[in-house]
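Since the structure of chain A is already known, use the hints to place chain B with the ligand on it.
The chain contents come next:
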Amino acid sequence: MKTAVLLGAGGLGCPAALALRDEARARGLSLQLVIVDDDRIDGSNLSRQILYTAAEVGLPKAEVAARKLGAVARVARFDASTAAALLAGADVVLDGTDNFEARFRANDEAVARRLPLVHGAALGWTGQLLTILPGRTACLRCLFEGPPPEGSVPACAEAGVLSPLCGLVGAAMARAAMQVLLGAAEAGVLSRWDALRGTERPLAVKRDPSCAACGRVAS
Amino acid sequence: MPVNVKIPAPLRPLTANLSEVAVENAGTVGAALEELSRRYPALKDKLLDDKGALRRYVNLFKNDEDVRHAQGLGTALKEGDRLTIVPAIAGG
Ligand SMILES: [Zn+2]
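As you go down the protein sequences, you meet chains A and B in turn.
For the first sequence, our numbering gives the first residue as 1, with consecutive numbering after it.
For the second sequence, our numbering gives the first residue as 1, with consecutive numbering after it.
For reference, chain A alone in the conformation it holds in the complex (with noise of 0.2 Å):
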């Protein structure tokens, strides 16, 4: 059996989440799903998280997004004193969450344990995923070297995420998910989604030796 981890059961977790299960069904690959988050669905959300109904508004998001996947749900916060319980016997993680700090610590403990990642990310129009395979392929900061201070880059409370564009980045997170566990990544690639186009543009991107978080890695 193969353990997938998704961290946030938001705007593209949701999607994620749906499309990794269904097709690990389809594909007869037993595969246990984990959602973490420790957030609870607010009237908001209804509109780009798919798997919660207005009925459940107020209910911890990781337990309402188990119980319909059949997955085991951790009503928890993703930090340095949880990730390695969080993280215990994945073998692919998937980053869904919503702000800098949680996405450059997915990165780093990810990184620092060798697992595969895959990092999906929205604001606005824009989408952008990075299958990253540790000590192999650039990791988030080979690309940026850390998160922006607070409050210099709009958070999504502010820019907004577009719900279609949640759809199209979280079901890429779900493929990109299952090409790790069929040992068949489609790493060092980072996609870059314009929404307001309708176009995908990838972009290469190589390891940087000095990378605070893989340059010490070994391959």
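None of these hints come from the bench; they were simulated from the model.
Quick reminder that beta carbons are idealized off the backbone N, C-alpha and C, glycines included.
A portion of the hints provided could be inaccurate.
In the DSS-like style, the derived pairs of lysine-lysine whose C-alpha atoms are separated by at most 25 Å in a straight line are [as the list claims (entries may be wrong)]: (1) Lys46(B) <-> Lys6(B); (2) Lys206(A) <-> Lys6(B); (3) Lys206(A) <-> Lys46(B); (4) Lys206(A) <-> Lys78(B).
Computed spacing ranges between beta-carbons, pair by pair [said to hold, decoys possible]: (5) Ala76(B) <-> Gln32(A): 45 to 55 Å; (6) Glu200(A) <-> Glu65(B): 13 to 23 Å; (7) Ala16(B) <-> Ala54(A): 36 to 46 Å; (8) Ala218(A) <-> Ala22(B): 42 to 52 Å; (9) Val72(A) <-> Ala22(B): 49 to 59 Å; (10) Glu200(A) <-> Ala22(B): 20 to 30 Å.
Chain B with the ligand in isolation, oriented as in the chain A frame:
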């Protein structure tokens, strides 16, 4: 033929919604950003820190090459090159 700078969607409010800006006479990545910031002053602070270095959470690609792996802002540009601005985003 100028250098073509690709503006990502989150920064387009600062470039009169243009997704591409042609920059003339830019011999280096730094010079292209200088010229771009002269025309769209609000952009400068998004790309460069107060010491004039590329911000940690922004990256630039010359054609398909990460300028951090080349000579950074000193990376040479020639006419017809494409400079793509890639900002880190975190929403989900
Ligand atoms: Zn790295």
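These are the hints, each one checked on the structure:
no. : hint                               : result
1   : Lys46(B) <-> Lys6(B)               : 15 Å, holds
2   : Lys206(A) <-> Lys6(B)              : 20 Å, holds
3   : Lys206(A) <-> Lys46(B)             : 24 Å, holds
4   : Lys206(A) <-> Lys78(B)             : 22 Å, holds
5   : Ala76(B) <-> Gln32(A): 45 to 55 Å  : 51 Å, holds
6   : Glu200(A) <-> Glu65(B): 13 to 23 Å : 20 Å, holds
7   : Ala16(B) <-> Ala54(A): 36 to 46 Å  : 40 Å, holds
8   : Ala218(A) <-> Ala22(B): 42 to 52 Å : 44 Å, holds
9   : Val72(A) <-> Ala22(B): 49 to 59 Å  : 52 Å, holds
10  : Glu200(A) <-> Ala22(B): 20 to 30 Å : 24 Å, holds
Of the numbered hints listed earlier, not one is contradicted by the structure.
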